[in-house]
Structure formats: C-alpha cells, structure tokens
Amino acid sequence: MELIGPVTESLATHRQRLGPLSALSSGELIAELESSGLLGRGGAGFPVGRKWRTVAERSSGRAVVLANGAEGEPLSHKDRSLMAARPHLVIDGALLGARAVGADDIIFYIGIEHPAADAAIRHALAERSADIRGRAQIVSAPAGYVSGEESAAVHFVNAGDARPTMTPPRPFERGVGGRPTLVQNVESLALAALIARRGHGWYKDRGRASGIGLLTASGAVRHPGVQEIGFGSTLGDVVAAAGGLRGDSHAVLLGGYFGGWADVEEQWGLPLEPRSMRSRGLVFGCGVVHFLAADSCGVEATARVLAYLTSQSARQCGPCVFGLSAIAAATQRLATRSPQADDLDRIVRWGGQLVGRGACHHPDGAAGLLRSALDLFADDFAQHQRRRCVTVSRPERVAVA
Amino acid sequence: MDEIVVDRIRCDGHGLCAELLPERISLDDWGFPIVNRGPVPDHLVEVARRAVDICPVLALHLARSGLGAWSLSPGSSARADRRR
Amino acid sequence: MNDTLPWYATRGAGVVSLVLLTAVVVLGIVSVMRWQTASWPRFLTTGFHRNLALTTLIFLAIHVVTAVVDPFTALGWEAAIVPFSSPYRRFWLGLGVVGIYLLLAIILTSLLRPLFGPRVWRMVHWLAYAMWPVALIHSIGTGTDPRFAWMLAIEAVCVGSVIAAVTWRMRRIEPTAWRQRPATIPQVKKWS
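Residue numbers (the numbering used here), protein chains in the order written: chain A, 268 to 668; chain B, 106 to 189; chain C, 72 to 263.
For reference, chain A alone in the conformation it holds in the complex (with noise of 0.2 Å):
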C-alpha cells in the first residue's frame, strides 16, 4: 500500500522505503507532472501538471503552498486516512511543490475533525530538519462542507473566516497573503511526490486505466473503508474489496455529496477513474463510493443530502440561500409523502436555476446531485408526488443504511 496502512509511518522507514526526495527542478517537476496526467484528488479533477505551472507563472518566489486536508465531505475518509498512514509522503509533496511554484511557505490545512491526522503530520514535522519547519505550519480548518473550497481555505488563513470568496481573483493569483497561491489537495500531493521519484511512467502504466487513487466505500457493504485502488478497478472490485454487499443494493452516490447516483447494475463493471466516468456522466470527485441499500429509500436518501448541504451553505448568495432550501423542503415533504401539487415540478424547475449563480460551486454540486436523484429515482420521485412509496415494504421510515 502505496497511500495508506495500519500505522503512521516514520521518517526512517519513508525513507528506507522510497529513498530521499526527488531532485527535480521546478520545471522537471512539472513535466513529469504534466506527462503523467495526474488529475487534483480534492473533487476538481483539475489536471495537476498545469495548476503547478499557473501557479509557478506568477510567483517570482512569492507563493504560497496550501496542502489541503480539510476533507469536509462526511462521506469521505482518505485525506485524513493517508495523512495519518504516510504523513511524509504528503509533506514531501509540499515540499516538491514548493519548490516548483518558488514558494517559501507551506500551510498544511487539516480538518479540525482529524486529529489522528493532524497528530501525525505534527510528529512527521517534528522529525524533519528545523529549516523544513520554519517554513511549515498547520492551521486547523473548521468543520463544514465548504471550508475545503479552494478560496474559503485561502479566506479563512487570510482573515478567520472560512467562506468562499468571489473569484477572481483566484488563489493563484492572490491567495494567502495576496501571494500566488498552490492550493492542493494531500492525496495529489502524495501522488506527486511518488511520481517525482519514480517518473511519469510509473503512474500511467499503473491499472488498467492509468494510476493509483484513494476512495471511500461506504453504506450496504460488510467492511466500508477506505481502499487503494488502481484506476481501472471497477465498482465490483470496490464491492468485493469491501466484503460484498450487505444484502442488496441498487443505487451508489459515487463522488460524494457533489457527485452523483448511479444505478449498480449498470455500473459494476464501470472502470473507477476519472477520465472513464466522465464520459458517462458519473463524477470520480473525491472518491466516495456509497451503496443505498436496497430497502431504503432513494427520495428520502436524496432529502437527506440536500437537507444537509442547505445547512451547509455558507449563505453568502440569494440563489444558494434560497433556492437550495425550497429545495430541500420541497424534496423532504416529497420524501415524507406529504407534498404540495406543484413540489416535483418545482424541484425540477428550481434545480435547473441553481448552476452558476453561487459565489463557489455548492449549489452546483447540489444541482448536480439532485439531477442525477430525478433520474435514477424518476420512479420513486413520481410515486412520492402520488403519496406513496414502492421502495419500503413497511408503513414507517426507515433509517438510511
């Protein structure tokens, strides 16, 4: 296991296991980036190679780097996994990048909900050389969905406040400090610093499609966990990987809260990599892979995500404010089977108003999620408009798996 283990891993044993830190220069650094076609990890997809360059562009020796892990997406756990397992695999991807973009600084960003993983990178600071950690520090990232968000982590190390901030200008532009600023997911910077070592080739001959990546299998399955893949395993590995199905399951929210519901039927021999999903429509995100069971129900399912990402919202923007919560009101009074004449045509009509008109991408997400619900669960969405449901057999709600 290349990303994640049992324990934390020492200064020595990384080491001794992958030898020292790649000597690339900047510029070998962001070929071997760019010829790999490492995609960010944080739920973007944005190809690395290119951020690293932007960044490297303007910086004059003045960037920032932002080593996110943050990881506010409830059903995700590898950030926080890997940074406990291999805390000097993702500080020598800050350092890599550092260098790269000629930064001096490095703020490792961690979920104030993460302390296994904030204890680790502590003790791996700890270990390297005093000048590696004037340069470093931790800030503690408030919980919340949105606080991972690129300009909130950048807002919030700038002046306490962890929101999203109208873009531009962009971190890359100004971020922390009003300095060029990499804000990079921990898992992209762990792959960066393995590829550094070992080329571009080592991660696209990997899998069946090209590299390596970590997701989080959760819901109707007997060991939900976080599993390292190689991109190109398919949704069936993930399952068996997981100990099977517990009991059925016909629908999996694949990419998290931002991501998408897929049919698994459908999907059990989908390849699990970005560029593959794409282009059937799913979205890789942050890699979570969240089986419904099969007794639960899909609308209600769906009211519960939308519930909690209106509580999310960092209410900044009317359309999120507004039209996200008639939303999830709407969708929970379908979910409950109590809901007004026009509730499912409004769901829809007011889903297709959300994209684009937030200060950050959370309604997006939402609209996104809600879109992919109407399809997958037409059905059941048809039925709750009707007052009833086909999916669970008794009169009482049942508790999502």
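If you are wondering where the hints come from, they were derived from the structure by calculation, not from laboratory data. Keep in mind that this is a model prediction, so the values were computed, not measured. By construction, the Cβ of each residue, glycine as well, lies at the ideal position given by its N, Cα and C atoms.
Computed beta-carbon distance windows for the label pairs:
no.	chain 1	residue 1	chain 2	residue 2	range
1	A	Gly-427	C	Leu-182	33 to 43 Å
2	B	Val-152	C	Leu-175	26 to 36 Å
3	A	Val-615	C	Leu-186	42 to 52 Å
4	A	Arg-616	C	Gly-188	28 to 38 Å
5	C	Pro-185	A	Asp-428	16 to 26 Å
6	A	Ile-405	C	Gly-188	30 to 40 Å
7	A	Arg-616	C	Leu-186	33 to 43 Å
In silico negatives: residues of chain A with every beta carbon more than 12 Å from chain C:
no.	residue
8	Glu-295
9	Asp-371
10	Gly-548
Please arrange chains B and C on chain A, whose structure you already have, making use of the hints.
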C-alpha cells in the same frame, strides 16, 4: 465583446438590473438575477452599462469576455465542465 | 428693484432646495424598501432619487451665489465656505454650510462609487439622515418667511413626509436579513 458578470455575494436581489435589461436578465422566484451567458449584443451594450450603474450595491459588472470572468481556472471546486 | 432680486432668488432657491431634498430623502427610503407597482418599476424611484439630488445642486448653487453677492446681506464668500464664520445668524447659516458639505460628500461618493467601494459609499450615504435635518433647521433658523402660512405649510409637508417615510422604514424587516439568519433546514437527521 462584453459579458455581464454578477458578484453573487454582493447581490441582494434588488432586481433593478432585470428591469432595465429584461432581454438578458430575468429574476428567479426570490428576486435574484438569472443572467444569459455569453457576450452582450452590441445594440444592448449601452443598456447593459445603465443596468450596471443602477445596481444599488454595485454587484453587476461588464467584463471583457474570455478574460477569466467565468472561465474554469485551476483549482475551482467545480464539476462545471460536465453536464452543462 | 435690482437689489431685491438676489434676495428673492436666495429665498426661492432655498425653499426649492429644501423641497427637492425632502423628495430625495423620501425616494431614497422608498428605494430601500423596494416598493414598486405594476406601472412604477423600481428603476424610476432610483432614477428620480439620483436626478433630483443633482437638480438640488443647481438650486443650491443659485441659493448660495445669490446670498453671497446680495449687497444687502454683505456675506462674502468666506461665510459660504467656512461654517459658522458669518456674523449674520452665525449658527443657523453655519448649519447650511455644513449641510451642503454633507450633501456634496454624499453625491461625490455616489458619482464615484466604483472608486470608493460599496462600504464607504454606504457609510457616507447614511449621513443623509444628518444632512436633511441640518438643512431643515438652517431653513427655519435663517429664513425670513417662517411667519407666512405657505412657508409653514411647506415645512410641515416636508417634515411630515420624512417622518412618515422613516417610520415606514423602521417598521419593516430588512430584506437582507437572510444573511444573518441561520439556515432553516428541514428536520432531517444528518446522513452519513
């Protein structure tokens, strides 16, 4: 070519922009603007400037198209490229 | 007579300015309250609010210039520029000068809003609630027409409309209260 950009955080949903430029801006159920994407046609640019000026909170801007007003740049937390 | 023309002009322009300023303040409040009907869209309120404010400047210019050049008052330019420097009705006239400076600040920051930014603009704009009473008190204190019924009537209408508008303003919930209010989410347990 100019594009209309809304500062979504500043916008308070006054809706004056939609009154002046209904060809490009409509209001949702709560009074917040829905803006047609893309450049403003030449014959509407002057009206668009007035719409920008009348916004009580200066939330509306006319930006040069293609200079990053809405482009997907590195690190955006979006799946904006899919399902548009 | 020639030397009474400036005198009439000063008083006339002054009264018109007060009425215009009253309309500007009321329209400003109507604008913030987002009032509209099917045939009166909000941009009309905003448009009138801005244009009447600029029109007021013209009448204020007439008011000040005719007051200064009037041989009867012998005021001199210093009285118009430095507040409370005129020996003639020092306090009441001084208020007028203060009022004009407040108005100029409000108008300047509004015309150059992109430069000053929304926060500064907003703070200076709130000075309108100081500027209008200052103008009113100046008018009552320096005016030589207060005994005339028509002047009292005008003042009563001005005061009445501002009080009515302000009362209306204070009663309503801020349309932007949603920014501070915490989310009202449907009662569902957090799902994970």
